[in-house]
Amino acid sequence: DGGITQSPKYLFRKEGQNVTLSCEQNLNHDAMYWYRQDPGQGLRLIYYSQIVNDFQKGDIAEGYSVSREKKESFPLTVTSAQKNPTAFYLCASSIGVGGEYSNQPQHFGDGTRLSIL
Amino acid sequence: GQNIDQPTEMTATEGAIVQINCTYQTSGFNGLFWYQQHAGEAPTFLSYNVLDGLEEKGRFSSFLSRSKGYSYLLLKELQMKDSASYLCAVKGVSGGYNKLIFGAGTRLAVHP
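Protein chains in written order, with my numbering: chain A, 39 to 155; chain B, 9 to 120.
Extracted from the complex, chain A is given alone in its bound form:
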């Protein structure tokens, strides 16, 4: 079955440590996204990528980095510069971003819950 796989499901970070969250999709989607979800708030966009080897900052990119070397993969690194990383992280993908793809929904992975040790 096609879908989006995020790993790990739970992750713990020590002070000063960088951690990387994995996101893989086999939907053949061009666009991929990373969101952060905090209690009582809507999903907030961290980074997105419309195509391989290209990505753009979202609303809360500080303290995070991404890469898009393959169409299927969009890993997110939470760096030590992110002072409040505890959250539920969701990866999503869609066929495209705008134009003829405006009505296409984003498909989400099951998320990674990151906590501080």
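Among the hints, erroneous ones may be present.
Below, a sample of chain B positions facing chain A; criterion: calculated Cβ distance under 7 Å [unchecked claim]: (1) Gly39; (2) Pro51; (3) Phe110; (4) Gly111; (5) Thr114; (6) Ala117.
Honestly, the hints are just simulated from the structure, not real lab data. Model, not experiment: these values are computed from the prediction. All C-beta atoms in this analysis are idealised placements derived from N, C-alpha and C, irrespective of residue type, glycine included.
Given chain A's structure and the hints, the job is docking chain B onto it.
Okay, now just chain B, sitting in the frame of chain A:
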């Protein structure tokens, strides 16, 4: 600014009908999505509206009024498994690109 408002929590009885409202103020409008999210799981797509009116899909319907910046999700014949959060998201324009702007979600509890 860009803002999406929806009630924080709602409760309803199994077999009943519930309406979850969403009001929005965004830069640009390219459609409104509703997602369902069970605790600790991925949001799943329910519906999309871009024109005014009602879209019906089984037990779920979604309505849009662009002039009022208003949408609602109607759930009929409620089942216990409908207990979840319902996220309203508007595709607007920010920073020169299309983006989904999410509301905080409405947590629905269905009781027997």
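Hints, one by one, checked against the model:
no.: 1; hint: Gly39; in the structure: holds (6 Å)
no.: 2; hint: Pro51; in the structure: holds (5 Å)
no.: 3; hint: Phe110; in the structure: holds (3 Å)
no.: 4; hint: Gly111; in the structure: holds (5 Å)
no.: 5; hint: Thr114; in the structure: violated (11 Å)
no.: 6; hint: Ala117; in the structure: violated (16 Å)
The structure shown violates the earlier hints numbered 5 and 6.
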